[in-house]
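Participant: Sequence:
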Amino acid sequence: DCRIGSLSISMQQTCEIAKAVSYNSRVVVMDEPTSSLTDNEVAHLFKIIRRLKAHNVAVIYISHKMEEIFAIADEVSVMRDGKMIGTYPISDLTNDKLISLMVGREANLRFPTVKSSIGEELLRVENLTSLNPRSFKDISFSLRRGEILGIGGLVGAQRTELMEAIFGVRDTSAGKIFIKGVEIFDIKPRKAIEHGLGMITEDRRCSGIFPLLDISTNTSIASLKEYLSKIGLLKHKQLKEEAAKYNEALKTKTPTMETMIQNLSGGNQQKVIISRWLMTLPDILIMDEPTRGIDVGAKYEIYQIMGQLVEQGKAIIMVSSEMPELIGMSNRVMVLCSGRCTGILDKQQCSQEAIMRLATQFM
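Under the numbering used here, the first residue of the sequence shown is numbered 67, with each subsequent residue one higher.
Hint data in this document are derived by calculation from the structure and do not stem from the laboratory. You may find that some hints are simply not true.
Straight line, CA to CA, 25 Å or less: simulated DSS-like cross-link-like pairs of lysine-lysine [said to hold, decoys possible]: (1) K303 to K291; (2) K311 to K296; (3) K203 to K257; (4) K163 to K181; (5) K291 to K257; (6) K306 to K296; (7) K203 to K181.
Each pair of labels, with its calculated beta carbon distance range [said to hold, decoys possible]: (8) S88 to D252: 39 to 49 Å; (9) D252 to E187: 15 to 25 Å; (10) Q427 to T322: 30 to 40 Å.
Each residue gets a CB set at the ideal place from its N, CA and C atoms; glycine is no exception.
Could you build all of it, start to finish, from the sequences and the hints given here?
Facilitator: This is the structure we're talking about:
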């Protein structure tokens with residue numbers, strides 16, 4: 067009898083799938099249905115889809131995850147830049163061929179080569195514990211300049227809750243947060259921003275974008291305080307010029323900066339959100355599921371942006387549910403299980419087996 071809004075994103079997603087299936091429709095459209103599901107939940111969904119097929123129900127399954135397409139599809143239709151490229155039997159495709167059709171070029175390396183120098187400590191967290199006794203407890207780690215620290219774990223591991231606490235969205239009952247060696251007391255989002263933190267949230271549509279506002283406003287909304295005149299008026303022209311500069315640097319594809327952000331693809335919406343936080347001139351960027359729900363071409367562009375940022379001396383905390391992403395982009399990976407840190411792996415130690423072993427330690 068609980069409210070749907072009180073459930074985790076993965077449970078909300080599961081309810082949406084159940085609702086769609088319950089209508090007894092002859093055609094069911096599933097748009098990125100597994101974006102927040104665990105492997106076991108994905109396997110259960112595939113059983114439902116196969117059962118629907120057996121009862122002559124057609125399923126249109128929209129996904130950017132190659133392994134899911136090859137596991138469940140009979141035919142694949144590829145779209146690129148709003149145009150239909152073609153429809154192909156799954157037996158005629160390989161992973162690389164499908165990626166090439168999606169991005170319009172040959173499939174190269176999945177992750178860019180990043181040449182960053184690891185510098186001084188920018189962030190240190192000591193024994194951080196949530197006010198909620200069922201959330202994270204006694205978390206300690208550090209983050210250095212030029213580093214990407216991956217955060218791994220299964221759904222329910224409290225990764226997002228930990229990031230929100232560091233950014234000041236959630237209250238804690240114990241622990242310390244140090245930024246550039248200075249302890250930050252009673253941290254709140256505004257104080258976090260002032261100390262050089264930015265946060266790209268897990269759920270882009272619900273807590274990342276302002277769908278009915280244009281790209282310029284979405285980009286600049288976290289920096290308004292910095293563009294006030296002495297008499298308190300907003301410097302609109304300068305603000306728009308800066309917003310355009312950051313989006314141009316990230317190659318955001320949009321007709322104009324006045325376009326509503328809801329009309330952009332997921333990858334370009336994510337670029338706008340990254341531009342928003344770069345306008346605040348952060349040293350530390352928290353990126354929670356930064357490539358969720360975007361195509362493989364846009365993923366690679368996001369990875370390139372992340373590489374450029376750490377090469378410039380910034381530091382990134384990346385929460386990801388995708389093992390290849392964690393292993394391919396992180397210098398180190400911290401793994402959570404049931405709100406506890408079960409280990410921190412160096413790049414040489416990172417493997418899917420090692421991460422999963424730590425992610426299931428208390429189960």
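Participant: Regarding the pair K203 and K257, is the alpha-carbon distance no greater than 25 Å?
Facilitator: Holds - the C-alpha atoms of K257 and K203 are around 23 Å apart, at most 25 Å.
Participant: Take a look at whether the Cβ-Cβ distance between S88 and D252 falls inside 39 to 49 Å.
Facilitator: holds (46 Å)
Participant: Between K291 and K257, is the straight-line Cα distance small enough, at 25 Å or below?
Facilitator: Given pair K291, K257 holds - Cα atoms ~13 Å apart, limit 25 Å.
Participant: Under the criterion that the straight-line Cα-Cα distance not exceed 25 Å, is the pair K163, K181 satisfied?
Facilitator: Not satisfied, since the Cα-Cα distance of roughly 29 Å exceeds 25 Å.
Participant: When you check the alpha-carbon spacing of K303 and K291, does it fall within 25 Å?
Facilitator: holds (15 Å)
Participant: Verify the CB-CB distance for D252 and E187 against the hinted window 15 to 25 Å.
Facilitator: holds (22 Å)
Participant: Between Q427 and T322, does the C-beta distance stay in 30 to 40 Å?
Facilitator: Taking Cβ atoms as reference, Q427 and T322 lie about 50 Å apart, which means the hint is violated.
Participant: Against the 25 Å threshold, does the CA-CA distance of K306 and K296 hold or violate the hint?
Facilitator: holds (19 Å)
Participant: Is K203 within 25 Å of K181, Cα to Cα?
Facilitator: Violated - the C-alpha atoms of K181 and K203 are around 34 Å apart, more than 25 Å.
Participant: Taking 25 Å as the top limit, are the C-alpha atoms of K311 and K296 close enough?
Facilitator: Given pair K311, K296 holds - Cα atoms ~24 Å apart, limit 25 Å.
Taken one by one, the earlier hints fail for this structure at numbers 4, 7, 10, listed in ascending order.
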